[in-house]
Amino acid sequence: MSNAMTKTEVFNVVKNNILDILPKVQPDMVTIDKSLSDLGANSVDRMEVVTLSMEDLGVKIPLLSFAGVTNIEGLVDVLFNNAQ
Amino acid sequence: MTEKTRSPKSPSCVQITGMGIVSAIGHDIAEFSHSLAAGKSGIRRIERSTTPPLPVAIGAEIDGFCFEKTLGQYSDMSESLTQSALYIARRAPFTIQTSVISALQAWRQARFDDKPIEPERIGLIIAGHNTTQNYQYSLCSDFRRNPEYLSPRYALQFMDSNQIGVLSEIFNIRGEGFVTGGASASGNVGIIHGTRLIQSGVVDACLVVGVVADLSPMEIQGFYTIGAMGGKQFHDQPEKACRPFDALHEGFIYGQASACLVLESATSANTRNVPGLAIILGGAINLHATATSQPDIDGEAKAMNAALQQSSLAANEIDYLNTHGSSSPLGDSVEIQAIEQVFGDHFPRVRLNATKGLTGHCLNSAGVVETIASVVQMQQGFIHANVNLEKPINTRANFCDATAVSQQIHSAMNNSFGFGGINTSIVLQKNH
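From first to last, the protein sequence lines stand for chains A and B.
With the working numbering applied, the first sequence closes on residue 84, and no number is skipped along the way.
With the working numbering applied, the second sequence closes on residue 432, and no number is skipped along the way.
Keep in mind that a hint or two might mislead.
Said to hold, decoys possible - Where chain A lies over chain B, by a calculated footprint (3+ residues, C-beta under 8 Å):
1. 83-95
2. 149-157
As the list claims (entries may be wrong) - With a straight-line Cα cutoff of 27 Å, these simulated DSS-like cross-link-like pairs (lysine-lysine) come out:
3. K430(B) with K302(B)
4. K69(B) with K430(B)
5. K40(B) with K302(B)
6. K60(A) with K15(A)
7. K15(A) with K240(B)
8. K430(B) with K24(A)
Unchecked claim - Listing some non-contacts, in silico: residues in chain A with all C-beta distances to chain B over 10 Å:
9. I21
10. L52
11. F80
To be clear, the hints were calculated from the coordinates, so they are not data collected in a lab.
Owing to the predicted nature of the structure, the values given are computational and were not obtained by experimental measurement.
Where a beta carbon is used, it is the ideal one built from N, C-alpha and C, also for glycine.
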């Protein structure tokens, strides 16, 4: 990941993957305080958002690191922190 | 032979009330039927590039399939069914998406959308195994570099049984469901087990879905190396490469099709007032105990005889036989000898053709594809052409030649044989 990438850019990567995986979700529904479950994601959908986002960002993070994540903000933080 | 007769009203009678197909010669039953009648072949040069290149780049592959576009064409379908199919299968592999479309066609023809039956009374059989070979092969190089990026969905999608989950959720099917395997006879194995589920009263209706054989370059290389695949002497004339029962046959040509039948008890179809397209009178499976790909005259003859016996028909009551006819020199020769043995004096009269000459060998789904072809010919009163049959290997056999002929068919037989000594035959009757 390039050093220039901001947290907002990481959020946008996550958001695009959410929209791709969950066709019923509208862009304005994706806010950092929501959880993926709030948006209708099942357990497989949630893991797919994680793996696709890691791939887009070019990072490899042990899945255990996402264990305490409760909302999209937490997900973005783990991705952002591990990409530095 | 027993005295038992089957009428469309007999409780043990199993009818076909819906059919659907996505194949190289048609993405629905109407287009497929038109291609059969016109003798239009789907066999051509395979243009897509693969790593490594295919040893035989000739086949009848499904071209121009787009799941979302096809769904969009079913404008009269209920919004909830469309959304469910879209949500569940939008990102699914090709083999799943084609199954969903052929099943939707059959489901709609059977009128389950507006004349439903209890979900617990519908069964689901996925006919075909090793259906994810090319899907796995296509992921392998990325996986070796970056295993962390493998989709979690892979854990569901690499299994053949994923088709059960996907289709049962889309159609809300809650009866019995399983995968049937029998190599190239898988389709017939599925039809026979679906028929038994209904006859035994476990369900009133059953979807039988023959899955596309989506082969990777490795399976094609394997079939080539074992000597089963043709396309050598006609490598520059793909349209001539598949030649069932012709002296110049040299092996099968790969084909792709997803095909679905709705089987239903006569009682259920009558109650719902849905017309039966044909009746399944009987079907038999046996093994000739071999670990090899060798066909066997006795095993094939036994399957045909057992199917006839179940049907309470004599061989001379069969008007038409849809052969396994894969264009394999040994396979064709063994099958025609087995047919001659079973049909005896009637052999020169029973009409024969090989649908694989037009569709290629659809492997998993071949039995379902060819049952649909048989029903279409029964309904429309013709025998489709054997387009490349120039010098038949048996001169007494009543092969249709390079042009289709008009003929009423009352009773038909459909053979499918698979590697590992799996012999199957089913008997169909027109629903008058």
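Checked hints:
1. Counting residues of the segment 83-95 of chain B whose CB lies closer than 8 Å to any CB of chain A gives 4, which reaches the minimum of 3, so the coverage claim holds.
2. Counting residues of the segment 149-157 of chain B whose beta-carbon sits less than 8 Å from any beta-carbon of chain A gives 6, enough to reach three: the coverage restraint holds.
3. A C-alpha spacing of about 24 Å is found between K430(B) and K302(B), which places the hinted pair at or below 27 Å, so the restraint holds.
4. Distance check on the hinted pair: K69(B) and K430(B) sit about 34 Å apart at the alpha-carbon level, beyond 27 Å; violated.
5. Restraint check: the Cα-Cα separation between K40(B) and K302(B) comes to about 33 Å, which exceeds 27 Å; the hinted pair is violated.
6. Between K60(A) and K15(A), the direct Cα distance comes to roughly 19 Å. Compliance with the 27 Å bound is thereby established for this hinted pair.
7. In summary, the hint linking K15(A) to K240(B) is not supported, as the alpha carbons are separated by about 52 Å, beyond the 27 Å threshold.
8. For the hint pairing K430(B) with K24(A), the CA-to-CA distance comes to about 45 Å; that exceeds 27 Å, so the pair is violated.
9. Against chain B, the non-interface label of I21(A) is violated: not every CB pair exceeds 10 Å, the least being about 7 Å.
10. Taking the minimum C-beta to C-beta distance to chain B, about 8 Å, the non-interface status of L52(A) is violated against the 10 Å cut.
11. Every C-beta of chain B lies more than 10 Å from that of F80(A), the closest at about 17 Å, which supports listing it as non-interface.
Comparing the model with each numbered hint stated earlier shows that hints 4, 5, 7, 8, 9, 10 do not hold.
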